[in-house]
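Peer 1: What follows is the residue order along each chain.
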Amino acid sequence: MNKPLPEDPMMQDLIKMARRHQLTRRAALATAGGTAAALALAACAPTGSKTLTPAKDVSATDPSLIWSNWSLYIDVDDKGNYPTLQKFKAETGITVEYREDYDDNDSYFGKVKDQLALGQDIGADLTCPTQWMAARWINLGYVQTFDNANLPNKKNLQPAYLGASYDPKRDLSLPYQGILAGLAYNKRAYKEATGKDAPETLEDLWNPALKGRVGVLSEMRDTIGLILMANGIKIGEESSLTEAAFMDAIDFFASKVTDGQVSKIKGNSYKEDLVNGDTIAAIAWSGDIVQLNAEAGEEIFGFVLPTSGATISADCFVIPMGATHKANAEKLMNFYYDPTNAATLAAYVNYITPVMGAKEEAMKIDPILAENQLIFPSEATLSVCQSFRALTNAEDMAFTAAFQNIKLGA
Amino acid sequence: MAFAAFGSATPAKTSGPVKSGGRVALFLLLPGLAYLAAFFLTPLISLIVTSLQVPSVSGGYGTYDYALAIGNYWDVIASYYPQILRSFGFALVATVFALLISYPLAYFIGVTARRWPLLQGLMLTLVIAPFFISFLLRTFAWKQLFSNESWIVTTLQSLHVLSPDQYLVGTPFMVIFGLTYNFIPFMTLPLYTSLERLDIRLLEAGADLYATPAKIFRKITLPITMPGIISGTLLTFIPIAGDYVNASGDFLGGTGTAMIGNVVESKYLVQNNYPAASALSVLLMGAILLLVTFYVRRSGTEDLL
Chain A
4 MNKPLPEDPM MQDLIKMARR HQLTRRAALA TAGGTAAALA LAACAPTGSK TLTPAKDVSA
64 TDPSLIWSNW SLYIDVDDKG NYPTLQKFKA ETGITVEYRE DYDDNDSYFG KVKDQLALGQ
124 DIGADLTCPT QWMAARWINL GYVQTFDNAN LPNKKNLQPA YLGASYDPKR DLSLPYQGIL
184 AGLAYNKRAY KEATGKDAPE TLEDLWNPAL KGRVGVLSEM RDTIGLILMA NGIKIGEESS
244 LTEAAFMDAI DFFASKVTDG QVSKIKGNSY KEDLVNGDTI AAIAWSGDIV QLNAEAGEEI
304 FGFVLPTSGA TISADCFVIP MGATHKANAE KLMNFYYDPT NAATLAAYVN YITPVMGAKE
364 EAMKIDPILA ENQLIFPSEA TLSVCQSFRA LTNAEDMAFT AAFQNIKLGA
Chain B
4 MAFAAFGSAT PAKTSGPVKS GGRVALFLLL PGLAYLAAFF LTPLISLIVT SLQVPSVSGG
64 YGTYDYALAI GNYWDVIASY YPQILRSFGF ALVATVFALL ISYPLAYFIG VTARRWPLLQ
124 GLMLTLVIAP FFISFLLRTF AWKQLFSNES WIVTTLQSLH VLSPDQYLVG TPFMVIFGLT
184 YNFIPFMTLP LYTSLERLDI RLLEAGADLY ATPAKIFRKI TLPITMPGII SGTLLTFIPI
244 AGDYVNASGD FLGGTGTAMI GNVVESKYLV QNNYPAASAL SVLLMGAILL LVTFYVRRSG
304 TEDLL
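Top to bottom, those sequences are chains A and B. So the mapping is simple: our numbering equals the position in the first sequence, first residue as 1, plus 3. So the mapping is simple: our numbering equals the position in the second sequence, first residue as 1, plus 3.
Some clues are possibly wrong.
[Said to hold, decoys possible] Which chain B residues stay away from chain A? Per the calculated CB distances, all over 10 angstroms, these:
| id | residue |
| --- | --- |
| 1 | Tyr64 |
| 2 | Val96 |
| 3 | Tyr110 |
| 4 | Phe138 |
| 5 | Ala144 |
| 6 | His163 |
| 7 | Val172 |
| 8 | Leu192 |
| 9 | Thr215 |
| 10 | Ile223 |
| 11 | Leu225 |
| 12 | Pro242 |
| 13 | Val266 |
| 14 | Asn276 |
[Stated by the list, open to error] Among the chain B residues that face chain A by a calculated CB cut under 7 angstroms, a handful are:
| id | residue |
| --- | --- |
| 15 | Tyr83 |
| 16 | Gly259 |
| 17 | Gln274 |
Source of the hints: derived by calculation from the structure; they are not laboratory data. Even for Gly, the Cβ is constructed at its ideal location relative to N, Cα and C.
Bound-form chain A, shown alone:
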């Protein structure tokens, strides 16, 4: 720190003046630095919406592919290998680096958004956002158009998936698996706590006996979707799912979080809470539960579609603009659109397969499997399922903020 100034007033003046001199120099430097920084910033600022161009495809010379996907979403054998990917490699010679780093649509988007906007490589040639997020990527021009010549098996796509407003012919996004969100529960603990065998409607999650042991998904469209449907709202219709209806559901949900009924709001990691027993009943994705049981080796968990309504959606393959292995990615998609491979995958992941003919193939592998309503749902099963309608940007931001604020306790 500063030494005390000398007694002599002349010396004091001199020192003060010298200090002032120094200060102006420092100020000048700071101004110069600030200006330079501001200029640098201006140079970096986005220059509005420019059209992105696909990255150069090096598939021909580099037989590899990075696929970023959700956890519990592919077949795994006892050694931790992925049999379908091994088969794919045997058939095509392409090595797939499989990553389970897609935990939540919003957070994944937040992570890669800046690279996407610049058309840069996001570290994945292929990824599987949920359809509403895939729609956002498509609308922002972040994905490459498929070369249908590489996708002969695309003819096997269930026609129900065609005609989506954001991609009517599925030239930019191809469903990987259909997903149902319903209720998962720990069979033994649920019976002990409530005396009932299984939850039937969403109302059962609000049973006081489950206080603090209820989990929900951090996927707004699933969690609030289920609450909205329990309130009698048709979540696919603009006239029914209004902002007021949504905010009612948000208020209801907030009250359940505040009073401690709901203790966990999570992405794909909700499965850890089910496994370690923190959660007894949860809003969950259908296939995960079957896989958790398979890992545990016994039927610990159950899954039901609540009669009050379940959500149906799909995760779609997309190839980001910056991906450098497009042709390889297309070969992989084509591989999974082969009914035999689709049936093998469905038999393991237990999600709804979008591939026609897979049910017939599944019949050959395991007839009981082909009757599984969560993989090959009948009309009756689908009657309780609704799909969340598309939101405008303004709605999306307002709804997401309201939902996230509950998570933050604000």
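Since the structure of chain A is provided, determine the placement of chain B on it from the hints.
Peer 2: Leaving out everything else, chain B in the frame of chain A:
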């Protein structure tokens, strides 16, 4: 008259050598200044500029236009003041706990164990050893140890310390526990360095003058080790106030424990609301700067830092 010449805008000849010396100094300073401009000033300006943006009218989801929306600051304060206050509350409590645990530990290592250098080295290693494992993993391990069905929780419930529907993960207790645990080394090491230099003869002199052990501690040990306490508390308090791992719902926290870091994370990564995230970050920085300045002034240790 010479003074006037010195102070004027165009310096007289006498200031020639001073100026050239300034040039050399400036030249030597350049790398440092460039570094500061590139990695401190630019991000800071960018942060402040972003904090004043407004949502773009025409652009896609999560795009913003430059503006001067000071209102962003009021909005985030109005919406998130409980999280802001909670951050500083948690930071204060965790820092105090860390100090209470670390001081005796550092005293033992730095003073009592002086006779056994090997033990001293071993204990210091033990303090640092947890760093060999990622702190995320360690925090996650605590989460598993204190999970609802863990033996710790079930034992506490059977002893009626916790009621049957009370759990630990997601409570403020758990978050403060995690924060204290994770930052104890940052408190212990500075304390150790100042205690290690403590001259025992001063304590003996105090005893010779009939001071009680408590008085010796209060009048001699504590003032001498104040620099260690100050740097230890700063090294823990500042990062804790901005921590978002422990309070996150994925680790030890729950919906009622969100700290300012969790809000920033959600705003930035999940909601793509960059202006709100930036405004909160600027507020956090400002608040920490104010608190630290006040703290250092009050403790009268400016020269020690």
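Peer 1: Quick one: which hint numbers does this structure break? Sort them smallest to largest.
Peer 2: 1, 7, 13 and 14
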